[in-house]
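Trainee: In case you want the letters, here they are:
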Amino acid sequence: MTEHFILNDLDPEVGERINLARRSLFRRPAVMAVAASVPLAVAAASTEAFAAGGLPKQVVDVLNFALTLEYLEAAFYKEGVSRSGLIPSKYRALFRTISAHEAAHVKLLKAALGSAAVKAPAVDFTAGGKYPDVFENFETFATLSATFEDLGVAAYAGQAGNLIGTSVLETALQIHSVEARHAAAVRPIIGKAGTPNAFDKPLSKKAVLAAATPFLA
Amino acid sequence: MTQIFAPSRRGLLKWGGAAAGVMVAGSLLPNFGISAALATDLGEGDVGVLNYAYALEQLEAAFYSAVVDSPYSGATKNEIAVLADIRDHEIAHRQFLKKALGKAAIPSLEVDFSAVDFTSRKSVLGTAGVFENLGVAAYNGAGPLIQNVDYLAAAGSIVSVEARHCATIAAMTTGFNAKTVGAGIVDRKGLDDSQTPAQVLKAAGPFITTPFTAMSLT
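Same order as they appear, the protein sequences are chains F and U.
Throughout, the working numbering is defined as the position within the first sequence, counted from one, plus 440.
Throughout, the working numbering is defined as the position within the second sequence, counted from one, plus 18.
Keep in mind the hints are simulated off the structure, nothing from the lab.
Don't take each hint at face value.
[Said to hold, decoys possible] Each computed BS3-like pair below joins lysine-lysine, with the alpha-carbon atoms no more than 25 Å apart:
#1 Lys-207/U to Lys-559/F
#2 Lys-530/F to Lys-497/F
#3 Lys-550/F to Lys-117/U
#4 Lys-646/F to Lys-559/F
#5 Lys-95/U to Lys-530/F
#6 Lys-530/F to Lys-117/U
#7 Lys-117/U to Lys-641/F
#8 Lys-547/F to Lys-207/U
#9 Lys-140/U to Lys-641/F
#10 Lys-497/F to Lys-547/F
#11 Lys-207/U to Lys-497/F
#12 Lys-641/F to Lys-530/F
#13 Lys-497/F to Lys-570/F
#14 Lys-559/F to Lys-641/F
#15 Lys-646/F to Lys-550/F
#16 Lys-645/F to Lys-530/F
#17 Lys-497/F to Lys-559/F
#18 Lys-207/U to Lys-518/F
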């Protein structure tokens, strides 16, 4: 069982080496060029938590980035909670609830993006064999869970500035704090403080993708 | 030193006592009524938002300081250490905001925790849970009011810590379950609570005796 956290292992140069263009999910949909010309007021008029359609390009980029992470988390928990014998009974309700939240985030972001939404990525939670027992060993599962949640917290925090003045900022913040609840609920299970610092550090998109990429097949 | 509130691998630690029935002080007291003429105003724009956050962090820091100075009956060493960590985080938030505000900072607020029974684990953790969840809802609701991108980033670095505290307090109260991650607060869309300054100040008001107004925060 590795004690390493992905975030602690981050090699700053890894991000530089990643060829994002190879990964279709990070490719910008053609529809965005059209969407960018639609005024934000259209989005603000929607009664949905996230407005459907008419989102500026920068917002679409941020939401697709968020959606990618949510896809990853949702797939991870869906698989985890489906495995009998993986999660001890006393933690089952916790992980089922987290799983439901991540699935809800995917649904929300997909609805917000409409046809501009990226597709779910192919995933490999063994990270190419680094975590072969991820769905057999609860400690490995919980370690990756905490890693993904901390990554999610840092990712949303890092993108808040790109959403300033938009109708979707509040909703993004409302997802962000849920990820933080998850992180602090899971970290103690693997012997880590729920709140390691008085201030959580935001991460750039590049750093987040570098950490997430090993789990994308 | 960061303390870990860890569940025992063998289930030795049981955080007994259901949260149901916990009375929190805010629900027992009348609404915050003040005379605007005598009050300090939080201010306009980003200063107003930062002072609003500063007021809440003062409240939290004062609360946890009182808790740690005189722990509730039966508090374990580990519980006190966890609560001391949270206190330190809130103090760090308070001092950060005070420094960011400089001369625009509102004065130190007088607080009133007479509705909290500091000898009771239930009362203390119940109140802590209310303050933390209120903090999360406050930052989420105030985020869109912030115009400066650096202040937004700072608020983002603080709100997730408040949310982490929510989980820790919930775990201390009911163990590791759906409530630990906000069941009953997080909605069906997976969204956390978000409240306007008016809503938050109405809830926090009974704990603050220093008169202040939020004329420009809507």
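Trainee: With reference to the structure, classify each hint as holding or not holding.
Mentor: Hints, verified against the model:
no. : hint                   : verdict
1   : Lys-207/U to Lys-559/F : holds, 20 Å
2   : Lys-530/F to Lys-497/F : violated, 44 Å
3   : Lys-550/F to Lys-117/U : violated, 40 Å
4   : Lys-646/F to Lys-559/F : holds, 20 Å
5   : Lys-95/U to Lys-530/F  : holds, 24 Å
6   : Lys-530/F to Lys-117/U : violated, 44 Å
7   : Lys-117/U to Lys-641/F : holds, 19 Å
8   : Lys-547/F to Lys-207/U : holds, 8 Å
9   : Lys-140/U to Lys-641/F : violated, 32 Å
10  : Lys-497/F to Lys-547/F : holds, 20 Å
11  : Lys-207/U to Lys-497/F : holds, 24 Å
12  : Lys-641/F to Lys-530/F : violated, 31 Å
13  : Lys-497/F to Lys-570/F : violated, 36 Å
14  : Lys-559/F to Lys-641/F : violated, 28 Å
15  : Lys-646/F to Lys-550/F : holds, 22 Å
16  : Lys-645/F to Lys-530/F : violated, 35 Å
17  : Lys-497/F to Lys-559/F : holds, 17 Å
18  : Lys-207/U to Lys-518/F : holds, 17 Å
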